[in-house]
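Residue numbers (the working numbering), protein chains in the order written: chain A, 24 to 390; chain B, 44 to 276; chain C, 112 to 441.
In case anyone wonders, no lab produced these hints; they're calculated from the structure.
Computed Cβ-Cβ distance ranges for the label pairs, DEER-style:
| # | chain 1 | residue 1 | chain 2 | residue 2 | range |
| --- | --- | --- | --- | --- | --- |
| 1 | C | Leu-416 | A | Glu-175 | 12 to 20 Å |
| 2 | C | Val-138 | A | Val-137 | 29 to 37 Å |
| 3 | C | Tyr-242 | B | Gln-168 | 36 to 44 Å |
| 4 | C | Ile-344 | A | Ile-347 | 28 to 36 Å |
| 5 | B | Lys-172 | C | Tyr-242 | 27 to 35 Å |
| 6 | C | Thr-293 | A | Thr-325 | 48 to 56 Å |
| 7 | A | Asn-343 | C | Ser-273 | 25 to 33 Å |
| 8 | A | Glu-175 | C | Leu-303 | 36 to 44 Å |
| 9 | A | Ala-260 | C | Trp-231 | 37 to 45 Å |
| 10 | B | Gly-179 | C | Gly-124 | 20 to 28 Å |
Partial selection, computed: residues in chain A whose CB lies under 8 Å from chain C:
| # | residue |
| --- | --- |
| 11 | Ala-151 |
| 12 | Ala-157 |
| 13 | Phe-295 |
| 14 | Val-306 |
| 15 | Arg-355 |
| 16 | Ile-365 |
All values reported here derive from a predicted model rather than from experimental measurement.
From the three backbone atoms N, C-alpha and C, an ideal C-beta is built for every residue, glycine too.
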Amino acid sequence: MTAPASGKRQRSPGEKAIRLIVLAIAALLLFAPFLFQDIRSLEVAARLCVFIVLVASYDLLIGYTGIVSFAHTMFFGFGAYGVAIALRQWGAGWDAVIGGSLAGVVVSLAVAVVIGLLSLRVKAIFFAMITLAAASVVLVLASQLSGLTGGEDGITFRTPALFKTATKLLVDENNKVVQLFGVKLNGKLAAYYFVFLSCLVLFILMLRLVGSPLGTVLKSIRENEARAEAIGYRVVAYRTFVFCAAAVVASLAGSIYAIWLKYTGPDTTLSFAIMIDILLMVVIGGMGTLWGAAIGAVLLVTAQYYLRDLMGVAAEATANLPLIPDILDPDRWLFWLGIIFILLVYFFPAGIAGSIMRPRAPRRACE
Amino acid sequence: MSLLSISAMRTSIGQYAILHDITLEVPEGGVFVLLGRNGAGKTTTLRSIMGLWRPSPGSIRLRGQDITGLHTADIARKGIAYVPENMGIFGGRTVAENMVLATRKGQFDATRLKRVHSLFPALEQFWTKQAWSLSGGQKQMLSVARAIIEPRDLILIDEPTKGLAPAIVDAMAEAFREIAETTTILLVEQNFNFARSLGRDMAVIEDGRIAHAGRMDAFAADTGLQDRLLGLS
Amino acid sequence: MDKLVNTIERLGGVNLLPVALAAVAFVLIGAPSSWVTLTVAGLAMGMMIFLMASGLSLVFGLMNVLNFGHSAFVSFGAFVAASVLAGLSGWLSGDSIMLGALALFLAVAAAMLFGLVAGWFFETVIIRPVYEDHLRQILITMGALIVAEQIILAVWGGTPMSVPRPGFLEGALIIGDVAIETYRIFAFVLGLAVYIALYAVLNGTRIGLLIRAGVESREMVEALGFRIDRLFIGVFMLGSALAAMGGAMWAGYVTLISPALGGEIMIIVFIVVIIGGLGSIEGTLLGAIMVGLVGNYVGFLAPKLALASNMILMMAILMWRPSGLRPAIK
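This is chain A alone, in the form it adopts within the complex (with noise of 0.2 Å):
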């Protein structure tokens, strides 16, 4: 029998290194601003943050149900604009910030109860179709009605004083802005800490809720569906509550993204680059653990930045053969990672985490 939740459970060694790595990870990201003194650096560790709740919830609802969606930038999205027409329409204060992250969650959990009612229950292969189709006419959606959304332009707006670089957090006799191991207490790190908190807020309450019995749940519904339904577990319920949970924290993710960027666009929060990002990331972390999201986002986001340099180098060099130097162009870099990806699935399809926890999984007989 399983071990409850709460209790001690032996873990074994993989499991205490995944759980060591991303320690670390989370660490590393509380004293960003403090280890990498660079405006750049600070981007990239917010993004991080952001982005580790974006995959987690996205794991959610592939890890823990096996059905894939390719309208979680949808939701994304939706928290985006709504923090981002707040703000614009009602002023940079903190009701914006409140109301606008509200209606994004609330047309996130409508929209979400719509396709999961309406597609759920007839075929699992349809939504991973219905949701691209409902993505695609949501990102032509904000392109189109630039009223509202700024079309491919976006909205900029300005975000409660506290974020702003000039504000000061903490100030000296001289009315300077005060220095901690040389970084200025200001807007800017208030704003960081603000992102990475309410990640943090997030990351845990999805831990949470796969650690609680709905998790075993979710668990034994993707394990095994037919035998799930047959002991009395309404797997279209649990699937659509799922989707929702998902759906809900990557509206609020959007939210603060649109909050630290101050800016939301077609391009930041819906387009399909995105998506894929987030695919690649599960998968490549590790489906159906969380703590795998978190491995996945670190390692592709800085890979983006990375790789890119490292293929310019090899297309430098290789300039004089043909086809080769196209193939190696730093903007052909989603070519290589479409082709590890076709790999990973192929021969990790637990990705890294999984394949660290679990170091000798039994492969499926029917292959």
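Following the hints, complete the assembly by docking chains B and C onto the known chain A.
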């Protein structure tokens, strides 16, 4: 030599082991009945023979020839026909098309077709109707008819009387008796009276293992054994 | 009420939907000449979408394989055909109908040949290892789509490519005050011809019978002694070739193609397949015609709603018939 001999067959579906150790000798000719409670593994045994589940380890031999691990289609070509529990009718196709699909070359052997029509007159009557419009009994007849339109060594039939009216069950028993004169039938059946009236040899599956095997008349006489193996526990 | 339902069923049931749609549009549009133009455009578009979607539907019906990479065949078809046409532009610009037609034929044939080969590769290398595992199937075919799009970008570059078309397909047919583009008639006729050929194969041949039976129950066809998996690779290759052919036709229709083409088409193809019901080409044709007509009518009546209209159409039909208009299995 037995027509079909299964030794130490073990089948798992996903992570659940359904069959633990099936060892069975089916002699040539007549009806061999496989009995057992719900969920004992009777259907899984038939599906494993047919290659629809992959057993491992263990071996399945037809006339001494190893057919373990062959593709379902190749097993069918070796001379085994399958009448599944849900009958496997192509509802969107006509009765004629269903029958054509069961022929190897797409053409009927006139004598065999005649035999099918005399065994199941209803099929001739509804020859051009779409199969979904047939009654349950007629669908079952169609499924059996498909299994005998080509010469076969062995027909696997899974619970043919399920949900059928008594009159149709009697007709079915008559047809099976006639078929069994030329072709061996391995029959999975819950209806013990039906099974007793047809079977020569029999075996009982319990929990994925053969719990008893022997002659049907001996088993039918031993009510204690019946109660222990088939009664409500 | 029952009588009405019966009459509608006898006249063709759901097959009448496009007719009803066209009638409603006629009232809303008002101007007959615009209506004819839009209807022809919708039918032509529907036929091209049918070419692209038919393979996806059959492949799903037969092996329960959902190929998210299907639109890559459409893109490749478009670009291969465009390259052939560009290479033979000398034949197109001349007055000779023969040379123009030959160039067009070669372009479409090259696209289809590419589709056949790519389909074979795709089926054996990408999809075969993940039969029966939908999650990994979706992920892997999606990965393949990403790679395919990148290959297109690497080979043809990111800038839109203009597609020359033969002179005899330029221009329009003018009847009264109605102008009908020649290319649209051509697309419609070609699509119809492919549909009739497919229908004849599926309904009139033994292989077709096996395919249709396999869509209903693959297991049972195998238990009767036929290797569906060997049949499947043929169907997959044919479906890919048809998708490439649809892409080639589409390239000539829009005359300016970009690598984003596949992504846009994919959504429409999915909607068509869902509306029509997976696994039946009759359903796919019906869905494609509906989507083509709705797209053109709404594009005229309320341009902003054009893309959302397909989505709304899909939702409405799914609520009415959860398995699509004409699913393969009763």
